[in-house]
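Visitor: If you count by our numbering, then the sequence shown holds residues 1 to 151, one letter each, in order.
Hints may be right or wrong, so weigh each one.
[Claimed, not checked] Here are the computed lysine to any residue pairs in the SDA-like style, where the Cα-Cα straight-line distance is at most 20 angstroms:
#: 1; residue 1: 24; residue 2: 129
#: 2; residue 1: 36; residue 2: 55
#: 3; residue 1: 26; residue 2: 37
Just so you know, these hints were derived from the structure itself, not from any lab. Given the structure is predicted, the values throughout are model-derived calculations rather than measurements.
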Amino acid sequence: MDDKGKNRLFPVTLRWDYPVYVFKGKNNLSKETLDKLEFTRRAEKLKIEDELRNVNILPHGGGYKLELSYRNIEVTNTDFGNIFTLSDPKPAVRVEEAKKGKGVSKFGKMVIANPHALPYSYRGGSVIRRTVELDLSDIAASLRPILTIKI
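Work out the full structure, taking the sequences as your base and the hints as a guide.
Guide: The structure is reproduced here in structure tokens:
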């Protein structure tokens, strides 16, 4: 990014009920940040350290947070689309081992064809905190929406 790019402003939206954050652009992948993100070894291997130190990386938004206790996801390609098999590394053996209140029990596997059917929420403020924590950017402004219309 050139010197002109450092003066650019980038809006980041999280959810309809969160502020829109405006970040200042800056070259943000320092050696320390590359180490924190565990990119250093791969960057050296690919000989792209200089390129990475001159980029400006920001989240595009909050993203989804899946409300599931499953940890393993296996994708199977079929003629009619992808099938997603969700499972735990170690499924519950007894009823007492399943956690209550999680929306989906830990029994065996769950197979779905459409991930949109899964229970989810939006990540929200943790994305902004992590962006500042990693020194990827500085917040220039926080804009609170007055009215949100969903079409």
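Visitor: Each hint needs a verdict: does it hold in this structure or not?
Guide: Going through the hints against the structure:
no. : hint     : in the structure
1   : 24 / 129 : holds (15 angstroms)
2   : 36 / 55  : holds (16 angstroms)
3   : 26 / 37  : holds (18 angstroms)
Every hint from the earlier list agrees with this structure, and none is contradicted.
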